[in-house]
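Asker: Which chain is which? The protein sequence lines are A and B, in order.
Taking the working numbering, I'd label the letters of the first sequence as residues 1 to 273.
Taking the working numbering, I'd label the letters of the second sequence as residues 1 to 315.
Treat the hints with care, as some may be off.
As the list claims (entries may be wrong) - Taking beta-carbon pairs under 8 Å as the criterion, some of the chain A residues facing chain B (in silico):
#	residue
1	48
2	51
3	74
4	180
5	184
6	223
No wet-lab data here; the hints were simulated from the structure.
Everything numeric in this text was worked out from a predicted model, so none of it was measured.
Cβ atoms here follow ideal geometry from the backbone N, Cα and C, with glycine treated the same way.
So the chains spell out like this:
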Amino acid sequence: MSRQFPIQMKHAALLVLFMACFLFPRMSGAASSRHEFYYFNPDSPQSNLGSLKREMDAFFSQSKFAVSFQPFIHLIDLERKIKDSGPSFLIVPQWYIDDFGRANGFEPIITPAFKGAVTYNKTLLISKDSGIGVKDLRNRSLAMTSMGHEGEKKINTLLFPGMNLKAETINLVIVPKDTDALFALALGQVDAALVNKESFDRINSLNQKILQPLISLIDSEDIPMPVLCYRKGAVSEEDLKILIGIFTDKENILFPKKIMEMLNIDEWRKIQN
Amino acid sequence: MNGEKYKISLVFWVMFWQLFLAGLALGDTGTIAVLLSDQEKVYRAPVEIFVDEIGMPVGIYNLDGDIRKAPQVMAEIFSANPSLIFALGAKAAFIAKTWTRDRQDIPVIFAMVLNWERYGLLTGQKNIAGIAHDVALSTQLANLTMFSSDIQNVGVIYSEEYSKDSITNAQLAAKKLGINLISMPITRPHDFKRNFKQLSDKIDAYLVLADPVIYTLDNISWLEKRCVRDRIICIGPSKNVASQGVMLALDPDVKNTGSQAVSIAKNIIVLKKDPQDIGVMPPLGTRLYLNLKTAAKIGFEVSPAVVDLATEIIE
């Protein structure tokens with residue numbers, strides 16, 4: 001009899017400990033429903049994703065909205081993570097949403113804007129000395145950031161509509177960021193580079209000498225800004241409302257200016273469906 | 001009626017030739033063989049990206065660190081009639097080169113081979129192209145010049161044995177970038193400090209080479225302190241040197257090596273470019289590390305725009 005009592009006490013203690021581990025976080029209001037928020041934007045002039053993560057973490061913490069923010073450099077890592085743990089929110093290029101996002105339950109809700117525009121443009125650059133024209137790009141190398149698995153089709157639409165030139169005849173060299181493409185061209189490692197015009201302007205403002213030998217052949221068609229999406233079924237109406245509020249509420253101006261500058265935007269707008 | 005028969009016959013022959021030619025084209029895009037030197041984790045990411053992006057069937061083979069396995073592994077590879085071999089690591093690159101000496105119809109792309117020049121990978125064969133392991137000195141110089149337009153004179157100490165060609169290429173790049181590269185050759189590691197002292201008051205920045213004669217623990221430890229003392233911006237070839245105190249470092253984005261290999265493979269298979277004409281490319285995807293603590297010690301003010309360009313800040 002006396003032996004059973006300590007065993008029962010031990011079991012009761014374990015049970016209480018187990019319940020405490022489970023209940024206490026809920027009682028304290030901590031993030032049992034912590035949203036995963038992924039970011040992938042290869043066209044961004046912002047390469048310092050560590051700084052971006054720090055700022056976004058601080059922003060969400062101040063907003064008391066439980067989010068784990070994770071930026072990605074490589075598409076393959078984003079795709080693997082989405083497959084493994086399906087985030088609640090994404091900021092990704094429009095082409096990602098069109099190619100995969102909607103099919104996987106993601107719906108755009110907010111778009112950034114810069115100086116009133118919800119689109120941006122890329123520019124196709126060559127070396128002035130090369131004498132290359134658009135028609136000469138066939139069989140030449142073009143450095144650019146990822147546009148997904150069907151990048152050639154997108155390039156054809158964005159750069160060569162109505163032209164007798166197909167991206168499939170160009171040697172596309174994918175690089176992680178625009179500065180890699182710009183330097184590769186400036187140093188003669190590739191024949192052409194396709195970069196966000198903003199990236200070009202930023203590098204040029206730091207050192208004009210590097211990019212002085214380059215000229216723009218053509219600008220792309222308008223490209224929609226990367227969009228903020230939510231995953232249907234993963235986010236409550238209430239949380240969705242809160243997120244939209246903290247991003248777009250101009251009265252409170254909650255969204256930090258510093259992050260806006262990092263992302264090269266000046267406002268967030270709700271997407272009207 | 002004869003006219004009708006003629007038209008049907010013509011349509012038949014046109015379709016036949018189109019199918020025949022399509023068959024020929026498909027025959028050109030056979031399996032690609034990925035040959036790994038061993039089980040090193042560092043190969044996984046570039047292989048994964050390569051397989052994901054190439055859009056052609058891929059077979060993966062491994063020497064498991066043992067060159068004696070080469071006959072068996074290469075027999076398997078050849079039996080699959082590969083359209084290309086992508087070899088990662090020195091062993092795989094060397095084996096792929098050796099075993100395609102009499103099969104130069106099979107192109108070989110190598111990557112992740114430290115000091116690839118030592119293995120004579122391009123010598124005597126026309127079917128080899130590759131991606132160098134180290135970021136080109138020209139790319140390091142270009143990244144360096146983003147930090148300050150005041151950087152006019154950049155110093156570098158090197159050994160002729162290991163770095164002569166790199167320095168020649170770097171001189172050409174420096175000219176393009178409008179900077180003056182002051183280079184000093186040495187033959188022995190312990191000549192480094194003396195030569196650096198001679199160089200330091202002539203330069204605004206210094207290029208740390210991954211040269212076996214220069215790159216010793218003693219030299220790098222000494223250099224970190226000396227650069228702070230002399231207020232010289234240094235740029236090195238790996239994250240480690242930045243972590244240890246060098247202000248800047250630039251190394252290859254290893255994952256992107258897979259993407260770059262895809263581009264070379266497609267250039268050869270689809271666009272029919274000769275591997276000889278491609279040669280060995282530098283890695284184009286890079287990661288830039290900035291040590292803010294060292295920048296502060298040197299008294300170098302780093303603008304927010306420049307901080308945004310760094311891949312990683314070391315504080």
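Asker: May I ask you to test the interface hint for residue 74 of chain A with respect to chain B, counting a Cβ-Cβ separation under 8 Å as satisfied?
Answerer: Holds, about 5 Å.
Asker: Would the hint on residue 223 of chain A be counted as holding, given a Cβ-Cβ threshold of 8 Å to chain B?
Answerer: Violated, because the Cβ-Cβ distance from residue 223 of chain A to chain B comes to roughly 21 Å (cut-off 8 Å).
Asker: Would you settle whether the hint for residue 184 of chain A is holds or violated, based on the nearest Cβ-Cβ distance to chain B being less than 8 Å?
Answerer: holds (5 Å)
Asker: At a threshold of 8 Å, is the proposed contact between residue 180 of chain A and chain B supported by beta-carbon distances?
Answerer: Check passed: Cβ of residue 180 of chain A comes within 5 Å of chain B, closer than 8 Å.
Asker: Min Cβ distance, residue 51 of chain A to chain B: is it shorter than 8 Å?
Answerer: Since chain B brings a Cβ to about 7 Å from residue 51 of chain A, closer than 8 Å, the hint holds.
Asker: Once the shortest beta carbon distance from residue 48 of chain A to chain B is found, is it less than 8 Å?
Answerer: holds (5 Å)
Violated hint for the displayed structure: number 6, the only one.
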